[in-house]
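Undergrad: These are the residues of each chain, in order.
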Amino acid sequence: MTEAKKNKLFNILIFTILCIGAVVMIAPLLWMLSTSVKEKSDVFALPPVWIPEVFDFSKYKEIWEAGPLLSGIKNSLIISLSVTIVGSFTSSLAAFAFAKLRLKNKNMIFLLLLSAMMIPYPSLMIPQFSMFASIGWVDTLLPLIIPPIFGNIVMVFFLRQYLINVPNAVIEAAKIDGTSFFGIFIRIIVPLIKPAIAAQFILWFMAVWNDYLAPIIYLNSPDKLTIQLVIANFNATYAIQTDYPLIMAASIIALLPMLVIFLVFQKQIIESIAISGVKG
Amino acid sequence: MATKLAATDKPRKSKLYKKESRAAMLFILSPLVGYLIFVLYPFFFSIYASFTNWNGLGTMNFVGLSNYTKLLTDDYFMKSLFNTFFMMLGIPIGLLLSLLLAMGLNRKIPGTTAFRVIYYIPVVSSLAAISVLWQWAYNGDYGLVNQFLDLIGIDGPNWLQNKDTVKPALIIMTVWKGLGYSMLLYLAALQSVPKMYYESADLDGANKFKKFIHITWPMVKPVTFFLVITNIINGAQMFTEINIMTPTGGPEFSSATVVFYIWRKAFDNLQMGYASAMSVVLGAIIFIVTLIQFKLNDRSSFEID
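From first to last, the protein sequence lines are chains A and B.
Numbering (UniProt numbering) for the first sequence: 1 to 280.
Numbering (UniProt numbering) for the second sequence: 1 to 305.
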């Protein structure tokens with residue numbers, strides 16, 4: 001066999017393995033989808049029914065009545081959007097100062113902030129909880145919104161790295177023109193680092209949307225829960241009644257927004273992770 | 001010379017410099033204040049609380065090291081610590097699989113983008129929804145996993161109800177969820193290896209295995225290191241899967257993790273002083289791991305001017 005032929009055969013083998021892998025990756029999600037449109041009798045059929053004969057979409061109607069799903073989505077949106085919009089602004093402003101402005105001890109302050117990355121949330125959650133409890137914020141969305149809007153050190157870190165490569169001349173010229181520093185930020189810096197901000201924004205939005213530990217600590221009332229807590233409660237409540245189609249339908253609703261965002265922005269997201277993941 | 005420079009430099013600098021410093025201070029104020037209130041203060045408070053019998057409401061009485069000595073004899077804590085580390089066995093498995101997949105993808109194969117997207121979907125999926133899904137998939141009678149095993153003639157166990165299978169079950173799920181992420185980073189690293197290296201190795205008559213050992217592996221080492229560390233940090237904080245899939249911590253507490261136990265002690269039993277001691281131990285473990293990362297990994301270092 002020639003070398004080229006051997007190579008081709010090997011590539012076919014690799015391709016097959018990757019396809020099997022892809023099936024393994026996607027099968028549980030497809031099965032989730034298939035369960036959600038099954039009739040109850042099909043769910044417990046042996047041998048299993050992979051594709052139900054009749055697609056029963058009634059569960060997708062039922063879920064809105066079965067639990068506070070809609071308010072869950074609303075709460076998650078309120079939290080994720082306010083955190084990422086305000087937080088991206090404060091973070092990029094700080095990144096600009098850390099990268100381009102002169103300030104005594106600024107690197108020391110930056111290192112101090114970076115040390116936050118070494119402290120895991122579980123080590124801070126108990127005192128944070130008692131702080132918010134003492135001002136009566138438990139069972140409101142505020143403890144989930146307020147701390148992160150002050151800025152995200154991971155985002156500051158990446159934007160700062162990004163900005164350091166921007167030549168100083170651009171900014172010096174504006175300084176001499178007498179533009180205010182905030183003006184420089186809005187008119188020169190933001191347009192320059194827009195792609196980096198956007199990528200970080202999306203990743204952060206996903207992280208907040210998918211968060212579970214912080215919400216479960218603070219939220220109790222059904223109308224205050226985030227979407228993740230709502231589906232966890234669906235799971236606990238309806239598993240006893242073995243209503244798996246209902247649970248799966250609700251979980252798909254919780255998954256869908258991030259899936260759509262990912263598929264739309266997959267190029268940017270994948271690129272940004274491939275770059276930033278290594279540097280982080 | 002130096003004094004002369006300083007003398008001419010100072011007055012020119014001071015006007016703009018002062019203005020600039022004021023603006024800079026203003027711009028970094030928000031993260032700084034946030035850090036002081038929501039990180040530094042709670043951090044020290046945690047340490048302080050770990051030496052008290054605080055229950056979250058009443059007074060905090062100083063109890064010395066007794067919380068820490070109690071930890072050493074607390075079977076539940078030891079078990080949760082063991083479980084947390086045991087489940088990290090998934091890290092080398094996941095990394096090996098993702099490196100192999102990335103090497104496959106790095107050959108000229110059709111559909112690379114599609115593969116990347118498909119493998120990445122579990123990564124962006126909400127962990128809560130994924131946990132709900134896998135709890136159902138691990139159902140002993142009707143779950144996807146056992147139905148599949150049935151096809152090849154294996155009678156699968158009731159995964160989550162059995163103390164011997166619950167941890168492997170969680171490991172498999174964690175590997176599945178994280179595979180796309182490590183694969184992506186490996187692929188990026190592989191693509192940055194200069195083709196020249198392999199070409200000159202070919203000239204020297206090196207075989208595939210030798211090329212892997214002497215070129216590929218050293219070139220992706222920084223990524224491996226990064227992934228090992230971040231996986232350990234994340235693994236040490238495992239909570240959501242446990243809370244949803246085994247709400248009681250599993251049969252004989254065999255799937256409970258440290259964060260799960262902290263959460264239960266702090267917010268169910270209101271033993272906040274004791275839970276704080278555990279969180280300090282957890283923080284110390286993660287701190288040491290992170291420190292190793294910053295010390296050893298050149299790629300993660302960054303320039304300070």
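Source of the hints: derived by calculation from the structure; they are not laboratory data.
Computed from a predicted model, the values in this text were never measured in an experiment.
Some clues are possibly wrong.
[As the list claims (entries may be wrong)] In silico lysine to any residue, SDA-like type, Cα no more than 25 Å apart, as pairs: (1) B:LYS18 <-> A:GLY183; (2) B:LYS210 <-> A:ILE14; (3) B:LYS221 <-> A:LEU142.
Undergrad: For every hint, state whether the structure bears it out.
TA: How the hints compare with the structure:
Restraint check: the Cα-Cα separation between B:LYS18 and A:GLY183 comes to about 17 Å, which is no more than 25 Å; the hinted pair holds. Distance hint between B:LYS210 and A:ILE14 is fulfilled; the C-alpha atoms sit about 20 Å from each other, no more than 25 Å. Pair hint B:LYS221 plus A:LEU142 does not hold up; C-alpha atoms about 42 Å apart against a cutoff of 25 Å.
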